[in-house]
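Number of protein chains: 2
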Amino acid sequence: MCVMSKPLYNEELLEEYIELVIRKGLNLQPGQQLVIACSVDCAFFARLAMVAAYKAGASNVHMRWVDDFCSRTRFLMADDSVFDKYPAWDKLLMDSLSDEGAAFLNVIATDPEVFKGVDSNRLSRFSITTSNALKGYFGKIITGGVRWTTITVPSEAWANKVFPNAASAEEAISLLWDRIFAATRVGDGKALERWSNHIDALKRRVKMLNDYRFTELLIKNSAGTDLRMKLPKNHIWKGSGDVAKDGLPFLPNIPTEEIFSAPYANGVDGTVVGTMPNVFQGNLIEDFTITFKDGKVVSYDAKSGREQLANMINDIPGMDKLGEIALVEYNSPISNTGVLFYNTLYDENASCHLALGSAYPGCVEGGDSMNEEQRKAAGINVSDSHQDFMFGSADMSIVGVTASGKEVVVFKDGNFAI
Amino acid sequence: MCVMSKPLYNEELLEEYIELVIRKGLNLQPGQQLVIACSVDCAFFARLAMVAAYKAGASNVHMRWVDDFCSRTRFLMADDSVFDKYPAWDKLLMDSLSDEGAAFLNVIATDPEVFKGVDSNRLSRFSITTSNALKGYFGKIITGGVRWTTITVPSEAWANKVFPNAASAEEAISLLWDRIFAATRVGDGKALERWSNHIDALKRRVKMLNDYRFTELLIKNSAGTDLRMKLPKNHIWKGSGDVAKDGLPFLPNIPTEEIFSAPYANGVDGTVVGTMPNVFQGNLIEDFTITFKDGKVVSYDAKSGREQLANMINDIPGMDKLGEIALVEYNSPISNTGVLFYNTLYDENASCHLALGSAYPGCVEGGDSMNEEQRKAAGINVSDSHQDFMFGSADMSIVGVTASGKEVVVFKDGNFAI
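Protein sequence lines correspond, in order, to chains A and B. Counting in the numbering used here, the first sequence runs from 434 upward without gaps. Counting in the numbering used here, the second sequence runs from 434 upward without gaps.
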């Protein structure tokens, strides 16, 4: 139980973390509403965040409680019809509050293997049901229509997975808090200042990449990845957070180390080899490879979780093409912790990664105002889902090719060379 | 934190308690949905109840999590407009699931003084807002339109209030569990059998009271209560649970010791003196008296919580008349524990009580099918609220008067004399 960790965390660090989330992450404004999605086991954290939000001037804070046990039990024991029907009240909550301009804080504390052993057909069906029901909300999420931030808080199950040799669950939770504070630059009350510097540094690199106007990337490492990836004509590299349609900056993820864009959906050829386990629908997919031709997955394999990988690629429209390429240095704060987090938010910020599924529309010029057909015409992938996976390594090599055919070494030995 | 109590309860007793609630309380049917309202701090209990419900054949179990801290913080810190607008999604949840025939389990673990110090105007307004928004659901609750059960589970704040001298919160929670199991006849796996006997005994007494066809009751004790209460012509005494419109029996409350009916709304004269503190909107009202003339409150006072009492009577239409008279022996299992529970579900089943506000429509013949105007015409009170308060004592005397003027001693020295 997460509540057990209460004596183990440093309250000052926790307050600094929450201030970072409310001010820099959500950029919460006076009079704005906030929705907090949080595990019931981490109620102590949601309560602190709620108070901080009200102090920042929130007009109302709505709790959207979740519970791993209840979710898993439903998948195991409920009537089969349940997974084809999304709760209308939750759709109403998400639609109406996002229409009213609320901010959304997602506190992730999920057991990476929460759905191990659950019927994958039920998982796939409910994933599609959810995507369809919350299409309006997810549309706002990927186009800056709302300000939102995803963060993590340790749960016992997750901490035990990350630190299996800890003497106790309490120690595992405490160790995970340490890593979270380190990765989010929290300490000595200087998180806001450190994040300003960090964002400026990311911005400079984003500008350089955008100035090159690469037409394609050549991506290779010794793990077996060998990809030729075209980029859309008007692609945009992003990073250092986002700017919402209301003009206010926010950080969709804390931490964030990545600089990302969208591949040309029909222009990816070759093979990618995963270098970290992937958490998909509460199951682990490990030691996997995926091969593309003209952007489309033509074969795949995994030493464990092959069924989940198959479901991911085959069941949801658009999940058989790439929607994101993200560059993260092997020598980055999270990567340097040497910890495998079994959590996409952390692992994706420790490694170069790709995503199957939807591209962020803002990764092509004017994309945030385009409908789905226009996005496809602009060369980026469209899907109701988006699943990151990591393929970074210490010897990652990425070469950018410009319109004139000039080759520029972007990544050498796992780190930026530009 | 309620979760701390986990090692302190006896798992077998807990399972027996939950079985009683699911089978006898809700009478949950295969294929039926269930809504569980529960504090996040008592998640362990909600999880056990969810599993038991699925084992009993529930098609889907929906969680409606609540949290004292978040509720209190909203009242203290949210924008003032919040209290005039009910969350549309929660109304949709309650309306749609009650329309679909779901059962409703309310797990009460609330701190009796959760809203101490909160602006009473906000409490009153939100109470009216809630009553209006959930009118459809509450209508089904009071007319057997759904099967529902209210029970309690100890929270730390509540247990500490009941057992202020306990050595620790853990001990207080453990003591409160003991009292809950005793009061609900849980032990040795025989709860279902004991409840069958208990319900039969209540039924016999209910029949006797109904056969008398009293026209009025004369109620007196040394605490100062002196009431002349007319009863509606076609009044019905109820108790031993209820029968829903689908024909299935259920227990709205566990425990239940009361036999109750509705006073004639315009036929109550005299004064009643409260004999236990009353928990109203998260505040305590203590040492109070209320005087009626022709059914209507004409004066009231309280040594503490007078403002809350004034709000109760004045702010919600219909709360200035009585809607319930309930008979509970001074020599009853809960009363005999000698514990003041600061919880209406327990204290009302340890004492004769009245309620301001709505009568249960089923307390007059055909009432469950009447609209509000018809209920008023039948002589019973109508309100969007209902608040019990205790006035029982060891020397309670109640005399029933029949149509022919014959006087029958119903209660003598606090216990039934018939």
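Where hints are given, some of them may not hold.
It does not matter which identical chain is used: a pair holds within one copy or between any two.
Unchecked claim - Straight-line C-alpha distance at most 30 Å; calculated DSSO-like pairs for lysine-lysine:
#, residue 1, residue 2
1, K524, K568
2, K488, K623
3, K549, K488
4, K524, K636
5, K524, K488
6, K653, K666
7, K640, K839
8, K653, K623
Keep in mind that the hints were calculated from the coordinates and are not lab data.
A quick look at each hint next to the structure:
1. K524 with K568: The answer is both: 9 Å in one copy and 22 Å across copies each meet 30 Å.
2. K488 with K623: Within. Shortest intra-copy distance 20 Å satisfies the 30 Å Cα cut-off; inter-copy 52 Å does not.
3. K549 with K488: Intra 40 Å, inter 21 Å, cutoff 30 Å: inter-copy only.
4. K524 with K636: Answer is neither: 35 Å inside a copy and 45 Å across each miss the 30 Å cutoff.
5. K524 with K488: both (28 Å within a copy, 28 Å between copies)
6. K653 with K666: within (23 Å within a copy, 89 Å between copies)
7. K640 with K839: The answer is within: 19 Å in one copy meets 30 Å, while 97 Å across copies does not.
8. K653 with K623: neither (38 Å within a copy, 69 Å between copies)
Of the numbered hints given earlier, the model fails hints 4 and 8; all others are met.
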